[in-house]
Every structure is written in C-alpha cells, then in structure tokens.
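Enquirer: In case you want the letters, here they are:
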Amino acid sequence: MHANAPAPAEDEIRAIVAPMTSLEGPLLPMLHELQRIYGFVPEAAVPVLADVLNLGRAEVHGVISFYHDFRDHPTGRHVLKICRAEACQSMGANALAESTLKKLGIGWHDTTSNGAVTVEPVYCLGMCACAPAAMIDGRVVGRVDQARMQRLLDEAGA
Amino acid sequence: MKIYVPLDSAAKALGADDVADAIRREAAARGLDVQIVRNGSRGMVWLEPLVEIATPEGRIGYGPVSVEDVPALLDGKMASLGPVDEIPWFARQTRLTFARCGLIDPLDLDEYAAHGGLAGLRRAISMDRAGIVQEVLDSGLRGRGGAGFPTGIKWKTVMDAAAPQKYIVCNADEGDSGTFADRMIIEGDPFTLIEGMTIAGLGVGATRGYVYLRSEYPDAIAILTQAVKIARQRGMLGHDVLGSGQAFDMEVRTGAGAYVCGEETSLLNSLEGKRGTVRAKPPLPALEGFLGRPTIVNNVISLATVPVIFEKGAKHYADFGLGRSRGTVTLQIAGNVKRGGLFETAFGVSLGEVVNDIGGGTATGRPVKAVQVGGPLGAYMPVSRFDAPLGYEEMDQNGGLIGHAGLVVFDDSVDMLQMARFAMEFCAVESCGKCTPCRIGAVRGVETIDRIAEGAPGAIDLLTDLCETMKDGSLCALGGFTPFPVMSAVTHFPDDFATHREAAE
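One line per chain: the protein sequences are V and P, in this order. In terms of UniProt numbering, the first sequence opens at residue 1 and continues consecutively. In terms of UniProt numbering, the second sequence opens at residue 1 and continues consecutively.
To be clear, the hints were calculated from the coordinates, so they are not data collected in a lab. Computed from a predicted model, the values in this text were never measured in an experiment. Think of the CB as a built atom: it goes at the ideal place given N, C-alpha and C, for glycine as much as any other residue. Do not take every clue at face value.
As the list claims (entries may be wrong) - According to the in silico footprint, chain P covers these stretches of chain V (three or more CB under 8 Å from chain P): (1) 8-18; (2) 40-53; (3) 64-72.
As the list claims (entries may be wrong) - Below, in silico cross-link-like pairs of lysine-lysine (DSSO-like), each with a Cα-Cα straight-line distance of 30 Å or less: (4) V/Lys81 <-> P/Lys434; (5) P/Lys2 <-> V/Lys81; (6) P/Lys434 <-> P/Lys274; (7) P/Lys2 <-> P/Lys156; (8) P/Lys2 <-> P/Lys77; (9) P/Lys156 <-> P/Lys315; (10) P/Lys312 <-> P/Lys229; (11) V/Lys81 <-> P/Lys338.
Bound-form chain V, shown alone (with noise of 0.2 Å):
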C-alpha cells in the first residue's frame, strides 16, 4: 500500500479480522494478517480491535508498540533486513552494514529516496553459520559480502 492511498475504512479492517476471532489469543494474528495486507498496522485498526476483543485503545496501541515487528507506516517497495547479532558480526557485519547504510545515504528504518528500500535490523536469521547474513522480502541470502550487497541492492533498485 503506497503512502497517499486512502486510509482503509473501519469495516474493512473488520472483515479481514472478523475470521479470526474465535482463536485462542488472536491479537497477534490479527496485527500479523492486517500489516500483510497493508504493509503495517493502520492507526484506524486500534479502535476496530479494541472493540472486536473488548480491550481498551490503549491496551491494543501497548500491544502493537511492543514487538518490533508491527510499523505504524509504510515501508519502501522491498525491506532488507540486515542481521546485527554476535554471529554475523564476527564475520564483518558491522562494517557491512554502515557501508550499506552510508551507500544509500539513509539510517536505520529509513526509506532511499526513491521509496525503493527501507533497510531494517534483525536480531538472527539463523543463517549463524555462513554468516554475515540479510534478508530481503521473506528471502535469505548468506556469507554477504560488499558485492553481493551490491547485487541485491541492484535488484531491488535502491
């Protein structure tokens, strides 16, 4: 969803949530299904949700502004996720990582210019052993070095 699309309507946050409602604990799957559709968590969400799971706003607002993974705005058109964990760092992540971000001319959570990339920190990919890792759009990608960065960053047209 691009950034000057309309804010999406009260009933339909309802409909895409309404299917979840007798899970055990359905808040996360809730947020999870809504940030698939739109990219992130709509603000007009946290009333519908309060409402649907008979919270209060701001125990919803708690919720969502706990996990990292939840974004309360758009993101560029693909996410790199570069991992910032001890594994990937004993094979040169860090200066990985500030050569990408110096590269693009952006910091952490931030979006190029031309609204192509966000690059975001993860904590472990699990990719420990052919480390330095990153992933970009759900795809993982091991042993990154300045070329094959360069590559994705190419692909993603950053």
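Model the placement of chain P on the given structure of chain V, informed by the hints.
Expert: Relative to chain V, chain P alone:
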C-alpha cells in the same frame, strides 16, 4: 536419476534454489530423466548447497555446488565428496534427534514413517499417561532451550494437574545468535516435532498445542504449517490420533520480533495476544500457563527428541552423555569458523574439540580469541577454557552456560569491550521493561562501558556492581544473564578493557 538439493533456508541463502533450477534446465537440455528431491539440510552448512546423487553405492555428495558447476555435475565430471554418510564431519556424529534431517523430503509422511517416524507415537499410544511420563523421566531428557530443567518433571506436573483444558506449547522463538537447530529441524523434519508434541499431549492429557515460531523464519513457518495440514489430513493429528481414540491438534503461531518472547512466560503472554512481558513464577506455567491452564512449554529440540526416545527406548537415549547431561546435544557451530553447521553428539565433548577439531578453527584463518557459548546471554570463553566439557553442570562450573548449544567463534580481531557493550545494548533494546535492573540497568551498562573505554577510573567496579544487581534483581534470563557475556569479557579479556585506559592516561 534422483538428485537431492536441500530446501533448508541456509542452503537457499547460499543459492540452492538457483542450483535446483539449473539442474532442471540442464537435465532437460541433456534429455536426462532427473527427479529432484528437496530435502532438509545434513547440517554441513560449510558444504551448502550440498547436492546428493542417489547411486547403488549410496548417496554421493557434491558441494558447495554453484550454478556454474551444474553441467559438470550432470556430466559426472565434478569432484565428489564421496558417500555423504562417510564424510568424516558427518560420520562422527551421533544423530538421534536429527536422524532423518537431510535424508528425506520433509513433507513426505510416508518416507518419514519408513525412516522410523511414527513408531514412537504408536508405542506411546499403547502406554498409559503415567507410563509415557515415566519414559521421559527415565530418558534423562532436559530442556534443550537452555535452562536444562528435566523435561519429565515438567510433564509430570502437568499430568497431575486437574483442568478442563491443558496445552502443549512449543517454544520455537529461537532468537539466540549462533543457534539454528530449531529452524533446521522444522525445515528438515517437521513431522518429528509434531509427533513429539502429540506424544506430550497424550502423556499429560492435553488436546491442543501451539508452536510459537519467530517471524524471522518465514521458510520454517511455511513448512511447518504445511506439515500440520498434512498430518491432519492423514489422521496423525485430530480427534482420533492414528486411530487411538485420543485427540490432539495444533496450530502454528508467528512471533513478532521480540527477543524476550523466547522466555516462556513472555511467550505465553504473547501467545495470548498481550505485550510479551515476563510473568513472575510461581505460578508455574505447568499449573497456570496459557490462558491460565496447565501448560507444557518445551523447546523445539526437547519435543523433537521425544519420538526417538519412544522409538528406541529411554535407556538407549540415556546411555549417551556425561554426568547428569544425558543423551545428545545438538551443537550449532557458528560465526567465524571454517566448518560451521549442526553437529549432534553425546554430551561431554570439549569446547576446544568442537572449535578446533570439528570446526577447523576460524574462517579467516586468524587465531581464535573467544567463543560465545549459549547465545547472547552466554559467556565468552577464552582459549584457556577450551578443556571445558560441554554439559549443563560442567559449563556452569566454568562460569558459563550451554544454553541452546550454539557456539559463536571470534578471531583475534574482535574487541571484547565492544562485545560487552553490545550485550548491554541488546538487553536495553530487548528488555520487556518489567524489572528495573534490566530496563534501566542495561542502559546504564552501555554508558558505563563507554566510560571504561574513555578511561574513567572505577568504572569497572561500577559495572561489576551493576551486573550483580541485574543478576539478582531480574525475573528472567534476559536481565539475569546479560552479566554473563559482559563479566566474562571483563574477566577473561582484561587487556581489551585496560588498553583504552592506558591510552587515556
């Protein structure tokens, strides 16, 4: 011709999908009749993508295979590694939990059964609840998530609890750096986890299970979700498990990027749809867990080991190991290491043997400086402690912990002050905020380490004191164990903390 190309995400991260496509393309061009099987990983990540060709002499391995190698591979001109079972790194392991991983198509339930799968569950069905729990007690299995609590005792508590609904919750929130065993078994042999959870359900009288799987593992989520669906269609899950008349079903739930949710009580809160804050114990989750009901919370590897215990018997399993650490440990050799991967072996192997002998030293070829054992909350062990045997108590005596059995190797270019600072920074970012020593202490810890770097006198004493407070005043391992990496760095690598001071003076 049958060719195996792993679908494990580490293999994919190194190009396995492209290799599989190239094989398909080249085979078609040559008019070869090739069947490509996407298996799990054998755990030899240093050889991935490890392609295997089935022959009358067994499965012959080639690796690492790149797209450019494929024509030579199909023409029989690529140098082979010989039969995969005989590659020394693989042959010297004791594969119990991972026996099938890498061998079979992970979603082929018939092949699973043909390789010993479901035998454990069938045996459990023939036993009563007390008998099932006793078998786990006798095996000596301890929690593989890190705490090492005897699994059977946890099961017994849940079995003895009376409640209208009980739950089996699998902790697959494998957030520790240097660990990937949970991911590998889920991607490579998901039915073994489903079978283990089902046996747990039958043993304690729980009819519902959840796997809390981290969102950073999309491939594992997809495979396990598919496996659960197949298991349900084939009657392995449902209201009548394998015709036993007993019910068990399960669901896969996705985490949302919070490291602390690997702690069992945070995980339960998260599963309930709340903020993943830690709960005080008691009440134990075994008595008041998910939605306040008696709940088993076990790690993936603990549950995935249950089927082999029932298949081969508790004694067979307990015969492996050292002291009170029975059975096998699924070591994950990672970081700056030449031959990294998953290595399953009996408890008791020494740290040095794992790093130097099995791992082959560093990938960069420089000397090893430190090994972090047990994830971001584990101690940095210096080379002088390489004699330490890997067992729960043994690591404890050496000032560390075995955790989820991940080992991250660092060469001599690492600055241990920076690693200590990272441990505090990580704790500050990931703290759930419940306990003040963790929430605020970790922030102060980062500042204090920065002051040490600037040469401030007395800052090390302050850091030591702060670590004591965090250790004593935090409910869970995040605040309580962050002092492990920090203080082990200070203790074992004093030069990295002193040079800055001297430079300042």
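Enquirer: Hints first: check each against the structure and report whether it holds.
Expert: Results for each hint:
1. Given a C-beta distance limit of less than 8 Å, the hint that chain P covers the region 8-18 of chain V is violated, as 0 residues qualify and 3 are needed.
2. Here the region 40-53 of chain V counts 1 residues with a CB under 8 Å from a CB of chain P, which misses the bar of 3, and the coverage is violated.
3. Look at the region 64-72 of chain V against chain P: 5 of its residues bring a Cβ nearer than 8 Å to a Cβ of that chain, three or more, so the hint holds.
4. Using a Cα cut-off of 30 Å, the hinted pair V/Lys81 and P/Lys434 holds, with the two alpha carbons roughly 28 Å apart.
5. Simply put, P/Lys2 and V/Lys81 have alpha-carbon atoms about 36 Å apart, too far for the 30 Å limit, and the pair is violated.
6. The hinted pair formed by P/Lys434 and P/Lys274 meets the criterion: a straight-line CA distance of about 14 Å does not exceed 30 Å.
7. Restraint check for P/Lys2 and P/Lys156: the C-alpha separation of about 46 Å exceeds 30 Å, so the hint is violated.
8. Note on P/Lys2 and P/Lys77: the hinted pairing holds, with a Cα-Cα distance of about 17 Å set against a maximum of 30 Å.
9. Restraint check for P/Lys156 and P/Lys315: the C-alpha separation of about 19 Å stays at or below 30 Å, so the hint holds.
10. For a cut-off of 30 Å, the pair hint linking P/Lys312 to P/Lys229 stands: about 27 Å separates their Cα positions.
11. Taking the CA atoms of V/Lys81 and P/Lys338, the gap is about 25 Å. The hint holds against a cut of 30 Å.
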